[in-house]
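A.B. asks: Using the sequences and the hints given, assemble the complete structure.
Residue numbers (this note's numbering), protein chains in the order written: chain Y, 5 to 292; chain A, 1373 to 1737; chain Z, -10 to 228.
The hints are simulated quantities; they were obtained by calculation from the structure and are not laboratory data. Computed from a predicted structure; not experimentally measured. Some hints here could point you the wrong way.
As the list claims (entries may be wrong) - In silico EDC-like cross-links for lysine to aspartate or glutamate, where the CA-CA straight-line distance does not exceed 16 Å:
hint, chain 1, residue 1, chain 2, residue 2
1, Z, 101, A, 1403
2, Z, 77, A, 1603
3, Z, 75, A, 1603
4, Z, 75, Z, 151
5, Z, 77, Z, 151
6, Z, 1, Z, 45
Residue-level listing of the chains:
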Amino acid sequence: MTQDIIIQAIISGLLMGFVYALIAVGLSLIFGLMEIVNFAHGEFLMLSMYTAFWLWSLFGLDPLFALPLCAALMFTLGIATHYGIIRHILHAPMLVQICATFGLAIFLRASAQFLWTPDPRTITTSLVEGRVEILGIFLGLPQIVASVGSLAAFALLYLFITRSDTGLALQATAQDRQAASLMGIPVDRMYALGWGIGSACVGVAGVLLATFRPVDPEVGALYALLAYVAVALGGFGSILGSLFAGLLIGQMEALAGWLIDPSYKYVVIFSLYLVVVVLRPQGLFGRF
Amino acid sequence: MAPPRASAPAATPPPAALDGPDSALRAAQAEPLHPPLSGRQKTLGILGAAALVAYPFVFNTPFPQHVMIMIFLYGMMAQSWNIMAGYCGQISLGHAMFFGIGAYSSAFLFVTYQISPWLGMLVGIVIAMAAAAVIGLPTFRLRGHYFAIATLVIGEIVQIVVQRWEFIGAATGIWLPIIRENQLVNFQFNDSKIPYYFIALGFLIVACLAVRHMERSRLGFYFRAIREEPEAARSLGVNITLYKSLAFMLSAAFMAMAGTFYAQYVLVVDPEVVFPLTLSILVLLMAVMGGVGTLWGPLIGAAVLIPLSETTRILLGGTGGAVDLIIYGALIVVICLFKPEGLIGLVRQWLPAPPAEREADHGDS
Amino acid sequence: MAILEVEGLTKKFGGLIANNDISFRVEAGEILGLIGPNGAGKSTLFELLTGFYPPDRGAIRFQGHPIVGLRPDRINRLGIARTFQKLKPFQNMTVVENVMVAAMQHTANPRKARTQALETLSFVGLLEMRNAHAKALSTGQRKRLEMARAMATRPRLLLLDEVTGGVDQRSIPGLIELVGRLRREGMTLILIEHNMQVLMSLADRVLALHLGRKIADGTPTEIQNHRGVIESYLGAAYA
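C.D. replies: Structure representation (structure tokens):
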């Protein structure tokens, strides 16, 4: 009986871990590229969830079909953020960069609250609903779809970064922007692309989360916090590091919730961050 | 056993006579350390002081007094954050924890042991400073974002722990009883906001005088050196861990003071209100908006943002439909893009040029 | 009496041996030149002497006291000051404030610190620039500023990294003259310098490094004719 619960916890943690990894990798990609932390990352997630909700609520569009639309929308938002804000503060002090993205976060969160009220909203009917039983373990179908979807998106991103010419150009830019620029890589467009892809990642994750989690203006905060921890754990800029850290956080959340006390699970995760960065200030992995 | 200090100089800075006319040197040495205030600055100062004293008597309704009290309180918090980040270059995203520590210390001691909140405030200050020292030691070696996010998660951990800690009221927090006698000792004024007004103003002045003194003393020079080039500072004999800790502790102390004031002002403390990340961020935004690393910047930031949120709250009711935050967010982005040194840049265009030494940048980049 | 004794100093970065078993002594009042091609380990040696990197092996004694393991600020307070190859001025502070930070090691009083800082600035010829921000200075002026800052801590031993490197030709004589004046003041100096002519005119003794090892130690003339040194700079074919 207890054994079932442990396995249940481990598998649920694994499923959430893939979603965390996808959220984290978007953040990590942007940081690896230009050493800027997007503190509005959670708000991008929230916007994507709201988009999925409204498409479902107004047009009856199932979240799974809305997924490409949301991804494209967030991709555009990411690019717009780069051209509208980020490129103008690339060489500004770190504090200015932090404030600019925090300002954006506050703006987006407050706008959502103003437009859509603070009440949580839920997508109540979806193609993927209910629970399935696999070998005596009950798992939510939306969670399974979300983790498979996240893993697929992650794999796609990984292939893109490591195999395609554009992906290699992104890597080159991340390693040495000057050298990349000398080699004829359009650095500014690479940055924009990084923001686009990073935001699309969180867009996909948002839609997948919206199939089983209510959305409210504050929803992004916790996921963003976990993503910061994941990114720092995996090493800012490391793609596989994000995957590992996302899975680790999923496990810790599930097991700490079960072993210690659900209310302290985030204390455990945050403490892990502190222990890791103090002992190994560059994170568990280097950069990609 | 310890090697001797290099107190006796092997090469004293040599006589200036070597360099030709030493009259230039003497003239330079005779220059005042700080340029005297201009006539305009003096006039403005006197008018400002008079206006601040007269204000609560002219506007003798609760709302305008409340707005000013909030400006003083947040101005003090932004100033406190400024010590650590603006002067010393260490960006903290968890400063609310010291505010919470101050609020809880005095409230808990008053409710449990009937200790005067003034004494409770001192206890809070000591605890906050100790917490800052303990947090600083392992984290000061982290650079840039790693340090910032470390302070962020520590702030979150503290909030979660307080929310679950039954001994100090868990999520309900602490409700202070209303007491009508011995108002001054009990730090409670139920009939009028005027005493709160002057206490908050007093606290703010203390914080600003402390920063002014710090800025002009060795402490301030070392802080700025650490912000600009920590390695160079070390090579010149500055113990950077020690001085970062001092900046953090000083900063935490004023945050805790503000916390006690807040607890006595609203008479209730709960973890959602005194420990949230949003408070840490708000304080940071005020300082940056006004201009970090300057004495007046944080005050300007508070004076702009607080009336904005308080009036939208009144006009639109409740939480103000978050309109204030929409404007905040947009405003801070615009300032980052067009006036990264903060609103103080605009003020300086209007007032005569301030001493160059107060001009400063926004932390390490 | 030797002011500085270095014995068997070794520092590795991964597989690279940046300093390999280096030993030497510096007498009080002496000017020691340090030469070697790029990557010879000169700057690493400075980092080890000033406590910025811990050595893997070896001993450093300053005025007879071991200093390995001490923090950089502690070492500076004992009397060793340095400049950086990549200059590190406090950009948003004025020139005089930059030097005041150093002078404040000996006085907490800002007025006294300013008086001393101005004397030092006058010595290095930056008095006129005292109220300019460090970021407004030319490279040559920044070098002077960094020397002034190091001097204002009143060291017994001053380590100067590439005084004339990256400076326009016109500024070089002035900088050389400045070092010459430091020597007349009785300061002990170690100079990293690429310009042989500069070394010839300033150094009492020269230490040549190559690939992390000490390959020669002698008077400037000896070093100039030392076969190994010429080979290390020009390759064996020219020797």
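A.B. asks: Compare the structure with each hint and give your call.
C.D. replies: Comparing the hints with the structure gives:
no. : hint           : verdict
1   : Z:101 - A:1403 : holds, 12 Å
2   : Z:77 - A:1603  : holds, 8 Å
3   : Z:75 - A:1603  : holds, 11 Å
4   : Z:75 - Z:151   : holds, 9 Å
5   : Z:77 - Z:151   : holds, 14 Å
6   : Z:1 - Z:45     : holds, 7 Å
The structure fails none of the hints (numbered hints given earlier).
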